[in-house]
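Visitor: Chain S is fixed; fit chains X, B and U onto it per the hints.
So the sequence lines, in the order shown, correspond to chains S, X, B and U. Just so you know, the numbering used here puts 70 at position 70 of the first sequence, and the rest follows in order with no gaps. Just so you know, the numbering used here puts 1065 at position 65 of the second sequence, and the rest follows in order with no gaps. Just so you know, the numbering used here puts 2103 at position 103 of the third sequence, and the rest follows in order with no gaps. Just so you know, the numbering used here puts 3100 at position 100 of the fourth sequence, and the rest follows in order with no gaps.
Calculated directly from the structure, the hints in this document are not laboratory data. Be careful, since some hints might not be right.
[To be verified] Distance ranges between label pairs, derived from CB positions:
#, chain 1, residue 1, chain 2, residue 2, range
1, S, GLY111, X, GLY1125, 30 to 38 Å
2, U, GLY3111, S, GLN20, 35 to 43 Å
3, X, GLY1111, S, GLY111, 38 to 46 Å
[What the hints assert, rightly or not] Away from chain B, derived, C-beta distances all over 12 Å, residues of chain X:
#, residue
4, THR1041
5, ARG1047
6, SER1139
Glycine included, C-beta positions come from ideal geometry on N, C-alpha and C.
These are the residues of each chain, in order.
4 protein chains.
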Amino acid sequence: MNSAEPPASVVEAHVRDIWQRDSASRDMGMQIEAFAAGEATVSMVVRDDMINAHGSCHGCFIFAVADTAFELACNSHGPVSVAADCQISFLRPGKPGEKLTAAATETYRRGRNGIYDIVVTGEDGATVAVFRGKSRQLSDKPRPTPEDPQ
Amino acid sequence: MNSAEPPASVVEAHVRDIWQRDSASRDMGMQIEAFAAGEATVSMVVRDDMINAHGSCHGCFIFAVADTAFELACNSHGPVSVAADCQISFLRPGKPGEKLTAAATETYRRGRNGIYDIVVTGEDGATVAVFRGKSRQLSDKPRPTPEDPQ
Amino acid sequence: MNSAEPPASVVEAHVRDIWQRDSASRDMGMQIEAFAAGEATVSMVVRDDMINAHGSCHGCFIFAVADTAFELACNSHGPVSVAADCQISFLRPGKPGEKLTAAATETYRRGRNGIYDIVVTGEDGATVAVFRGKSRQLSDKPRPTPEDPQ
Amino acid sequence: MNSAEPPASVVEAHVRDIWQRDSASRDMGMQIEAFAAGEATVSMVVRDDMINAHGSCHGCFIFAVADTAFELACNSHGPVSVAADCQISFLRPGKPGEKLTAAATETYRRGRNGIYDIVVTGEDGATVAVFRGKSRQLSDKPRPTPEDPQ
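For reference, chain S alone in the conformation it holds in the complex:
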């Protein structure tokens, strides 16, 4: 975060706006744990309907919790941004019933491009996956916030 960042209340409005409209993430039982400009932490408990053929969390749900932390972090600045490319390394299985926590930080942001690094950890603190996402800002116009007259 630098001096050009919006105040915390505006960052919160951006994050809450995205979260409010992302019903898929809420349906997966995700929770926002923390956020700041360029950062977000999201958690999710591995449910029975998320289990793969090997008896552990299907990779797409580990991807999901990381992707949502990424989405909140890259949209925290205001202008609408979307994922362009994501790379994930699966390092140990997610267990049934385990709470996974995905913490996103901003590695790079310039013009319309951003790079975010997300680490997913299990309940024991071990690294379950690392994820790197590239975002692309769709427009220069910030989304409306509660401070803006509509």
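Guide: Below, chains X, B and U without anything else, positioned relative to chain S:
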């Protein structure tokens, strides 16, 4: 596929075995469209509970259909294999109600390592995403098939 | 290649133009083996000054031959394009004195974005590396060709 | 670095050993700027023979300086490790004559697998590229060090 491949009935047994135990993929409404040694095609309709904050399919479900095609393709040879690394480029949104089709082909396989390329297309035939996955075989022992005495 | 492609002589002019100005690739001893719209094949012999601490070709030179094939393929259409992201998997070492061949094909192209897949093979035909590159077109204006009045 | 790390003199021996045998990196004019267990910083000046068709540093040499920092960092622990996969995002051109600095840190290490993140910066401190490398340890046996009887 080369001469060392198991016969089609054995490949089918491997694919059906993985599919039978992957309840998450079935819960997302996926369907197997086709398979062969090292190849698999899977489809999925974008449901209302898969929509993200931008009104299109959450990236994790586009990832999911590609990942499942990858899983079937890399396990089609028999020995249990898991995803180690995946990279996905999102090229156009998946629309609500749209049927997405993920086709996996084998780019490389040697020893315990494989590389699979998956293309996800929309109903209009346009490319929605490209996905490259690296698999790691966990053991040399093939899984039991219906032909094997248990 | 589709009907919107420039004629072969124009593709050749674009490829030759890039090649002529890429002194680094020529200094590494690379040779153009073939090209077409969206495709290029480049070869390079592993020289003594390209050897790493393990006695095989330094990864950067395997990257280099793949990257140059990618550069020629993505610029074959005319408008200036540059590499935005590259991913390489190293699969077997490149040997001292071995001729490596990198073949680039176009997996996706729309608007200013392209995805190219490059396979690097050794003299024995074995896969040495696979490389996926994303290109970004810098402008809509095609570079001048011999057919254009300057 | 944790309590299981070898003492600094042993780390130095491992790094010097790799460096001594990596003639390609030295021929490109690279310099070791700093190192520790799991970390290494390497610099390189962009020479005239490293220039591409766009008048800036050929991507393979930006890759090279990052790859060498990665190689030193992942081998700093002792056992011989090699690059398995590398991903690089090119963010701004490297200029002729510019000194590029690549700093590698360890994001993950467990068993034979490691993940390293490298940031390449220009003389103005701007980020030129970010690189993520996965390493694979070839054997459990540490390389001989000056402290070992040969």
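Visitor: Compare the structure with each hint and give your call.
Guide: Here is how each hint holds up against the structure:
1. S/GLY111 / X/GLY1125: 30 to 38 Å: 32 Å, holds
2. U/GLY3111 / S/GLN20: 35 to 43 Å: Cβ of U/GLY3111 to Cβ of S/GLN20: about 42 Å, so the range 35 to 43 Å holds.
3. X/GLY1111 / S/GLY111: 38 to 46 Å: 43 Å Cβ-Cβ, so the 38 to 46 Å window holds.
4. THR1041: 17 Å, holds
5. ARG1047: 26 Å, holds
6. SER1139: Nearest chain B Cβ is 21 Å from X/SER1139, so the label holds.
Of the numbered hints given earlier, the model fails none.
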